[in-house]
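**Q** Residue strings, one per chain:
Number of protein chains: 2
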Amino acid sequence: MRTKTRSHEWSVIEEGFHPARHKASESLFALGNGHMGQRANFEEKYSGESLKGSYLAGIYYPDKTRVGWWKNGYPEYFAKVLNSPNWIGIDVEVDGAELDLAKCPASDFLRVLNMKEGTLSRSFTAKMPDGKQLRVEALRFLSMANPAVGVVRYAVTALDDLRLKLVPYIDGDVRNEDSNYDEHFWNVLETEAAPGEGFLLAQTRKLDFRVGFAMRLELDGARLEPVCARTDLRTASAFEADLRKGATITLTKYVAVATSQDHPKDSIKAQAGAAASAAKGTGFDTLLAAHKAKWAEIWSHSDIVVEGDVEAQQGIRFNIFHLNQTYTGDDERLNIGPKGFTGEKYGGSTYWDTEAFCIPFFVSTAPSRVTRNLLIYRYKHLTMAIANARKLGFGGGAALYPMVTMNGEECHNEWEITFEEIHRNGAIAFAIHNYVRHTQDEAYLSEYGLEVLIGIARFWAQRATFSPDKGKYVILGVTGPNEYENNVNNNWYTNTIAGWCLEYAREALDIVERHWPARFRDIVARTRLDRAGESARWAKIAAEMYYPFDERLGVCLQQDGWLDKEPLLAADIPAGERPINQHWSWDRILRSPFIKQADTLMGLYLFEERYDFEFIKRHFDYYEPRTVHESSLSPCIHAVLAARLGDMEKAYELYLRTSRLDLDDYNHEVEEGLHITSMAGSWMAIVEGFGGKRVRDGKLFLHPQIHKNWRKYAFRLLLRGHPVEVTVTRDGVSIVYKGPEPVTINVYGVDYRAVPGKVLTVPGAEARNGQALMTAARG
Amino acid sequence: MRTKTRSHEWSVIEEGFHPARHKASESLFALGNGHMGQRANFEEKYSGESLKGSYLAGIYYPDKTRVGWWKNGYPEYFAKVLNSPNWIGIDVEVDGAELDLAKCPASDFLRVLNMKEGTLSRSFTAKMPDGKQLRVEALRFLSMANPAVGVVRYAVTALDDLRLKLVPYIDGDVRNEDSNYDEHFWNVLETEAAPGEGFLLAQTRKLDFRVGFAMRLELDGARLEPVCARTDLRTASAFEADLRKGATITLTKYVAVATSQDHPKDSIKAQAGAAASAAKGTGFDTLLAAHKAKWAEIWSHSDIVVEGDVEAQQGIRFNIFHLNQTYTGDDERLNIGPKGFTGEKYGGSTYWDTEAFCIPFFVSTAPSRVTRNLLIYRYKHLTMAIANARKLGFGGGAALYPMVTMNGEECHNEWEITFEEIHRNGAIAFAIHNYVRHTQDEAYLSEYGLEVLIGIARFWAQRATFSPDKGKYVILGVTGPNEYENNVNNNWYTNTIAGWCLEYAREALDIVERHWPARFRDIVARTRLDRAGESARWAKIAAEMYYPFDERLGVCLQQDGWLDKEPLLAADIPAGERPINQHWSWDRILRSPFIKQADTLMGLYLFEERYDFEFIKRHFDYYEPRTVHESSLSPCIHAVLAARLGDMEKAYELYLRTSRLDLDDYNHEVEEGLHITSMAGSWMAIVEGFGGKRVRDGKLFLHPQIHKNWRKYAFRLLLRGHPVEVTVTRDGVSIVYKGPEPVTINVYGVDYRAVPGKVLTVPGAEARNGQALMTAARG
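In order, the protein sequences belong to chains A and B. Per this note's numbering, the first sequence starts with residue 99, numbered consecutively. Per this note's numbering, the second sequence starts with residue 99, numbered consecutively.
Quick caveat, the hints were computed from the structure, so don't treat them as lab data. Fair warning: this is a prediction, and the values are worked out from it, not measured in the lab. Hints should not be assumed to be uniformly reliable.
Because identical chains share one entry, a pair is satisfied inside a single copy or across any pair of copies.
No farther apart than 27 Å at their CA atoms in a straight line, the calculated lysine-lysine pairs in the DSS-like style are these [to be verified]:
#, residue 1, residue 2
1, Lys797, Lys162
2, Lys162, Lys304
3, Lys304, Lys443
4, Lys443, Lys150
5, Lys810, Lys836
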């Protein structure tokens, strides 16, 4: 059942408790702070349908996948996002009966995700089996200021005289829903309890990750000594008190986690204990204030305001909020899983989603170290990417990055993806380019980027083979971004990005050679680069690459053989058969002409400066009607292109689809978790689509349009570290730049001087609607 | 390590015990009788490397495969060939120490598979840890005359004074090596023991197959009362005796099995017990004589004699022997698993191997009921094949037979095979045609065949789609026989057999309509056939089918895009990288130009009458050098074509490769089991290849050639039920026909009258070498 939440500018609000929607709400109201996160499970026991999920960044489980059929080169395991010990739990007993909303009717139930401040609150009145009532007000947050700390405040007001027992606990008896044989992935090594305190140490059954959770408890409104209630699998304290009608008892649970990712194994206990004690010492109000301050800072350079369309406003903030909850950019070992901290699905943490979707968001909205850390993550995996390519038969330092990874090793095993969806290599190279064109940090190329680009160029140079029949270089047996085609020849997107990589690697060689000659010599030696020979070969392959094209239609063909497909459009699919991936067998999908997600159009999006308006329009008009958008990564790219073509109605429709995908549960799957990485696409739809924002050589280009439903919208950027706020109304665009000195900003193809502290105004936003963004401005 | 056996005309002989070769020998020396079978595991305990395997036809385990990634339409399970309770076991103790050849040195070890009589014997002298020696002579057989019965005779001679304990048992504590998590697949429901008797009843944990094993024991050479030694998982009797040096004790173990396949569950115990008692009552010698008589009968119409080349002789008999051990054709619920009763690998029982390889063997060497039962097996699965096609989006009675099945349901889950290797449907239709052209039993079409052909034709008519670009019907997204290409468009073989199926279904409609009009009306009504409309549509699609062809090369192209591959030959693969399926990742194999097995050539083999000598030669010369023969089903087809083209050297080389594939362990995998289904290909290589045998409209055509290494070869056939023996020497061909009246047999393109009881002689076999079999004779 779909979640029905109330629209609100800054919050997600659920009024009334609807058990059938609970799992979906657990996803929507999830919290995270980049280092840990958790679904919005209840603190108190809940015996109804629920997906328990509490996750720690970088802690995973390499689960066995080798059953049934197997291919050479498959990894032995699939890295599963690991449901970790539950630290939010508080059992509640009233006169000896358990509070459980699956059994005790709740009224005045309200759940609020405050996105401005990063808190989850919940309140309700519950009626116990004996008829007595109590009121619960719960609030929790995962500190953005101190990512090892989470706090739960749980206040109970007696509405009748009653005896209340509270048992806050940390529980190591947890499972993954996606375990194959219901097996446990954790050993609990130690539990300890003292009055008002507790500690639990757990170990993953493979890889020996250790995690320690310490809790410190504070009780207001009762003066009872707590009782320890430890078992081998959990630590707990129990508080019991007789409450008179109207009395309130407030429990504050401070929890700190320490893991072997960050601490020596033998210091985990001390570390967690000290952090929990410090948190309690600091106190709830101060901790919360620091947390809010961090969120205020994040919003200050990433917020988007939409006036006149509360659904659109809520949608974009929901997306920006979850992206920032998932990744904070302070640890280059971490990355952005497709479901972040909101579910188990997809496992692994890193897909090409990061480079193709998240980096465009972070490179514009976060300090440059955030994107840099995402890039360095891949740099650190270069050796493993070279080893991965070797497994597939490539030598000489060729690198193929994994399709799905946790630590740099491939951990996916569908051959058509693992081995063939190689365009990911292109996205990783393009992200380096994107970072450099935004930041002008060319030093990054010499420090890290060039080695990655060399590895990737070498891969393409070997992977492309010469077809005597075509007299061109071809790339056989690939899966493009449109995963509804497998093992095809000459996927236009893949060939295009491969050719671009070969050229860009040559460009990067030149840049580093020119500016950092010593470092260049070092890299050449280390990579055993044949400077002249390899570079010449890359140039030749790029120049002689084959690109399928149909003269009659005037369009680039998604792949060889594309025109053999039946001439059907997505509109021809019977309504009851969509999404086709839930109704059709795989072979039927493959031979159909239906496109899962932007593929050829993705290439036009990335390399738009190469093509004129008519060319892009012809492709959009040809491919869009054949696209079923069954990947969450699809509508946003189409939205950007539609806006670029001046089709604001289409752009708006696709924007809503992407930004409210989870809030409105388009695909009936939000209960499994949120589509974190595609959320960056919603941001792209507004900023790159409606706002027409581009950055080239560090210079900002804008071409804002405004949809008729909106009175105004405003977005914030960091331009080489300095804030820019762009406000678009129907009348015009106003730009506030806060850098140290004036910069040139191009609006509607005209260069303007933006002076810090002064508002730059350009008239006529609505008048520009439908007027295509000028290609010249991109060149 | 490869097994090294001694070559012998009628036997496989292993001299000396080589633990490193033991698992391979367990495969080579396996026994079966069509209903049960077993690897050549030792009777006594063996703690070294061994693959325990005892199998019952039709008893399988639907093991869970749903872990990791999944596609719509996949079956939930994979049918595993099930290792069943071990009924051959006899523990041997000497002075309290266990006889175990992994620990007790053996001398004079001899293992003999007598293929003429269907027995496995083994003898050795073992030295116990205390230095005492004993001599063991064991013999066993699985009765061909009474397929529920197996007999082990185990004789121990004391070479020193010693105390001997024998514990014959039936053990239900068995596992599959391929279980994913080492789980058990059996529950043992009952064990019972009485002096000299035992019974065990087991149940599969899924599907509730029940199997009961009863044993009756006979002891010669000692007069001791046996002691029962039952546990919950096994039944046993123990005999103990003091033997003086030179004394012999002989234990005979009669075992009968009854299963819920053949008996009501509550009568299994009585049934097994009665059968075991009857076997003991009949006695060893009589049972063995009946068993040998059955084998004599089998050899009388299937033997091939080769003189002057003992390796070739042994190879072909080994193949014929195992085929007949695996399938006897008296139960249409059974079929032929790729590993028969010799291993777990591949699971399932039925692949297209049956129709494409085994039926050509059985239709010529066994009574027609054998092939008929194989065909009826598919007829009985028609409803499930229609349901299977429906899962893939086809309606209107279209049938897609499963790629791998036990009971008619698909039980394979690799999408590129399960959903796309649809040419299997063609093999099933072709087998009907092959049966009819051998037997002239057109009534089979009206009884069973036509309905299958209609379902298959309907499938192809929907599966082919019209390409506006080509103006032809295309078949997109398939895997051909060459499984080193996946999801390709317009596989020439698939398109060819699809077109043929559409035509043959129309022909079959005409035949049944003409000769069995009432039955025809019944079929039309039952299948809701639009007689005129569907038939016309099939004709149109067949006529307008697209066949990829290159004018410059003059060859049919294996699939669209074939010419984009690198122009390499199999000889270019570095030796250390073969077989490529053990060295290369899947994507590399897919984009390579290397062919796993006959694909385009398979089509030329099936439809050779359509093509002239030059055309076939051009294709053979083009495709053969690109074929790596990494399927056991490949060399035989090439051998037949090579012989047809008069290239006896190539034909001989490929014959040896196919017939001694397991004996010489070409692929280093014989320890997993034998390649049963491809053994039929060895027969094809000699009879259809060297002998040039074809049968069309019930008429036999021969075109014998003889390789220079051979003095003589002879093969036996059944021609419409009547024996034919063809003997080929360098000088000529002599044919003995044993039917009731004379028939016309065509030799070297000339019709001869073969009179029963008279030898028909045609001169000049060696002289015909290299002279191509005339196409006219096939037309």
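**Q** Hint by hint, where does the structure go against what was stated? Just the numbers, ascending.
**A** The structure breaks only hint 1.
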